[in-house]
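Colleague: Input sequences plus hints: build the corresponding full structure.
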Amino acid sequence: MTAADFQSALNPAANESAHIAHLWWIFFWVMLVIFALVAICLFIAILRNISRTSGDPQLDIIADPAQRTESRATTVVSTLVAITVLILFALLISDFFTGNAIYATPDPNALAIKITGHQWWWEVQYQDPQPSDIVTTANEIHVPVGKPVKLELQSNDVIHSFWVPNIHGKKDLVPGHPTTTWFTARRTGEFRGQCAEYCGEEHAHMRLVFVAEAPDAFSDWLNAQKKSAPEPMSDSERRGREVFLTAQCVMCHSIQGTKAHATLGPDLTHIGSRKMLGAGELPNTRGYLAGWILNASALKPGVRMPPNQLSSDDLNSLLDYLGGLK
Amino acid sequence: MNDEIRSKGIVGQPLRLPSKRRACPAEFFLRSCFPYFFVLLSLLLFSCKREQRTLVVQPPSAEEASLQQMSDLAPGPKHRQVPSVPNPDENNSWAMSEGKQLYEAYNCVGCHAHGGGGMGPALMDEKWIYGHEPQQVYATIVEGRPNGMPSFRGKIPNDQLWEIVAYVRSLSGLANQWAAGARDDHIKGPPPPNSVPEGTPHNSSEPQPK
Numbered sequence: 001m002t003a004a005d006f007q008s009a010l011n012p013a014a015n016e017s018a019h020i021a022h023l024w025w026i027f028f029w030v031m032l033v034i035f036a037l038v039a040i041c042l043f044i045a046i047l048r049n050i051s052r053t054s055g056d057p058q059l060d061i062i063a064d065p066a067q068r069t070e071s072r073a074t075t076v077v078s079t080l081v082a083i084t085v086l087i088l089f090a091l092l093i094s095d096f097f098t099g100n101a102i103y104a105t106p107d108p109n110a111l112a113i114k115i116t117g118h119q120w121w122w123e124v125q126y127q128d129p130q131p132s133d134i135v136t137t138a139n140e141i142h143v144p145v146g147k148p149v150k151l152e153l154q155s156n157d158v159i160h161s162f163w164v165p166n167i168h169g170k171k172d173l174v175p176g177h178p179t180t181t182w183f184t185a186r187r188t189g190e191f192r193g194q195c196a197e198y199c200g201e202e203h204a205h206m207r208l209v210f211v212a213e214a215p216d217a218f219s220d221w222l223n224a225q226k227k228s229a230p231e232p233m234s235d236s237e238r239r240g241r242e243v244f245l246t247a248q249c250v251m252c253h254s255i256q257g258t259k260a261h262a263t264l265g266p267d268l269t270h271i272g273s274r275k276m277l278g279a280g281e282l283p284n285t286r287g288y289l290a291g292w293i294l295n296a297s298a299l300k301p302g303v304r305m306p307p308n309q310l311s312s313d314d315l316n317s318l319l320d321y322l323g324g325l326k
Numbered sequence: 001m002n003d004e005i006r007s008k009g010i011v012g013q014p015l016r017l018p019s020k021r022r023a024c025p026a027e028f029f030l031r032s033c034f035p036y037f038f039v040l041l042s043l044l045l046f047s048c049k050r051e052q053r054t055l056v057v058q059p060p061s062a063e064e065a066s067l068q069q070m071s072d073l074a075p076g077p078k079h080r081q082v083p084s085v086p087n088p089d090e091n092n093s094w095a096m097s098e099g100k101q102l103y104e105a106y107n108c109v110g111c112h113a114h115g116g117g118g119m120g121p122a123l124m125d126e127k128w129i130y131g132h133e134p135q136q137v138y139a140t141i142v143e144g145r146p147n148g149m150p151s152f153r154g155k156i157p158n159d160q161l162w163e164i165v166a167y168v169r170s171l172s173g174l175a176n177q178w179a180a181g182a183r184d185d186h187i188k189g190p191p192p193p194n195s196v197p198e199g200t201p202h203n204s205s206e207p208q209p210k
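The listed protein sequences derive, respectively, from chains P and C. Quick note on the numbering used here: the first sequence kicks off at 1 and runs consecutively. Quick note on the numbering used here: the second sequence kicks off at 1 and runs consecutively.
Hints are computed from structural coordinates only; laboratory data are not their basis. Certain hints may be false.
[Stated by the list, open to error] Below, a sample of chain P positions facing chain C; criterion: calculated Cβ distance under 8 Å:
(1) E201
(2) A247
(3) Q248
(4) L264
(5) I293
(6) S297
(7) A298
(8) P301
(9) G302
(10) P306
(11) P307
For glycine and all other residues, C-beta sits at the position ideal for the given N, C-alpha and C.
Modeller: Shown next, in the form of C-alpha cells:
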C-alpha cells in the first residue's frame, strides 16, 4: 500500500475520499468475516462427513433419516438467507449514508474550477467573477486545504473521467453535458489523477498532478498564475519568444501577455512552473521539453502535438524562453 | 480383394456392402456448399486490410510541392508539366476527419465557413481559382493567395497540410467517396431550410391534391 500512496483510494486526503475509504473498510471487514465463517463451515462439514462415513452409502441413509435431514436443512437455509438479507440491508444503509455525506449540496462560496477534458490532457481554469483574474493552466491542479472546491467538468471531444483516488470518486466528463463534483481537501500532499474512461490511444497516459497545499501557499501560487508571462530578460529569451510567435507553436498554444491566443493546446503562460510535461508523462526538464517540442509523438505516440523543425539555435532560445516562464 | 478377405479370415461370410443411406442436412451442406463457402471466406479475407493511422509522426525532411503550375498558360516555349504529387491522405478516412478538425482549429472556418464561403471563396462548389488538384490546394495553403489568403508556410506541418487538403477536396466531392467520413463531430441540427424534399404548394383550406 505504501508504494502507490499518491494514487490510492485507501490513503484519503479529503473528506469525501475518507467517507469512501471508510465504507470500503466496512465492506472489507464484513466480507472477510463472512468469508472466514463460510470457509470454517465448509471445512467442518468435510471433516464431519469423513468421520461419519461407514463405507456403505446405504447404511448412512438409514442412520440419518431423510425426514430429519430435510427439516433441519430448511431451518438452516432459511436462517442463513434471513441473515444475508439483513447484512446486505445494513450495507445498503451504510452505503446510502456515505452517498448522502459525499453528495450534500456544495458550499456556494466554494472555489470553482472548470476542468475540460481533451485528447489527451486536462485544461484547468480557476473561475473568478473578474474575467482578468481567471487563471488557465493545464494538467496541474492546486487546491487549498480546508476550503470546499467545486469542479465543473466538461469535455471537448470524447467522454473522459476525472479521478484522483486520494480525493474523491470518479466523475465523467461528457461532451455537451457539464457535470459537477465537489470536495474538501483536509491534508497537504501531492497526488496523481488519471483519466478513468477509455478515450483513445493515450488514455492511460492522460494524467494530472494534484497538489493540496496550505491556504497561504495556494494563494501565492494562484496570484503568481494570474500574472501575464514574465518579459524575457536575456537576448536568447527574447529570440525564443520570436521563435514561439513565428513558428508552429503559435497555431495551437497561448501565452498571456503575447499575441499567442490559440486554445487548441495547453496554455503555456507559466509552463516553467509546472512539474510535468505532456499530461503527467515526463518530468518538466529542459531535455524532455526539447524532445517534446521536436517530436512529441516519439515520446507519446498518437499525441496531437505535431513534430517541429527548428534550428538548434532557435530551439535553445525557445527552451530558454519557455523555461523562464515561471 | 479376394486376397484381402482371405488374409482377414472372413471367407464365407456374405459381403456387407455399404447401404445407400440419405445424407443428413449438415453433411449435405458440407459436401455441396463447402467449396463455395471457402471461396467466400477467402474473398472476405481481402476486406481485412486495415486503414493505417500514423501514431508516430516522422518529422518532414523537405518541403514538397512548393512550386505548382496553376494553369496551362505560360510564357515562352511550352513548359514541361510539373508532375502531380499524389496526396497520401486522399483515401484515408481517418486523415480526412483529422483534416476536418484542423480546418476548424486553424480557423479556416473564419473566412471559408464550413465550405460555404464568406470573406473567402466557397470551397464546396466546383469553382477553383487556383486549381483543384491536391498539390495545387496544398500550394495555395502554403504560399497564400492575393486578396486575403495568408501563407501558412512554417506554421502547419506537412502531414497536417495533406490532411487539410484531403478534407478541402472532399467538401466538393473530389476525395474518395468511400473514404469520406460517415459522421460529424458536432451535434446535428435540422437539415438546411431549402434541402427538404420539395412538395406541391397548395392552399391549406382546400383538399390536398393527389
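Colleague: If a hint holds in the structure, say so; if it doesn't, say that too.
Modeller: We went through each hint and held it up to the structure:
Below 8 Å, beta-carbon pairs count as interface contacts, and P/E201 has one with chain C at about 6 Å; its hint therefore holds. For the restraint placing P/A247 at the interface with chain C, the shortest Cβ-Cβ distance is roughly 6 Å, inside the 8 Å limit, so the hint holds. The beta carbon of P/Q248 is positioned within 8 Å of a beta carbon in chain C (closest approach about 6 Å), and the interface hint is therefore held. Because the closest C-beta pair between P/L264 and chain C is about 5 Å apart, less than 8 Å, the hint holds.
Taking 8 Å as the C-beta contact cut-off toward chain C, the hint placing P/I293 at the interface is violated, the least distance being around 11 Å. At its closest, the beta carbon of P/S297 sits 5 Å from a beta carbon of chain C; the interface hint therefore holds under the 8 Å criterion. A cut of 8 Å between beta carbons decides the hint on P/A298: the least distance to chain C is about 6 Å, and the hint holds. For the restraint placing P/P301 at the interface with chain C, the shortest Cβ-Cβ distance is roughly 4 Å, inside the 8 Å limit, so the hint holds.
Taking 8 Å as the C-beta cut-off, the interface hint given for P/G302 holds, the closest approach to chain C being about 4 Å. With its C-beta approaching chain C no nearer than about 4 Å, P/P306 sits inside the 8 Å limit, and its interface hint holds. This hint holds: P/P307 has a C-beta 4 Å from the nearest C-beta of chain C, less than the 8 Å allowed.
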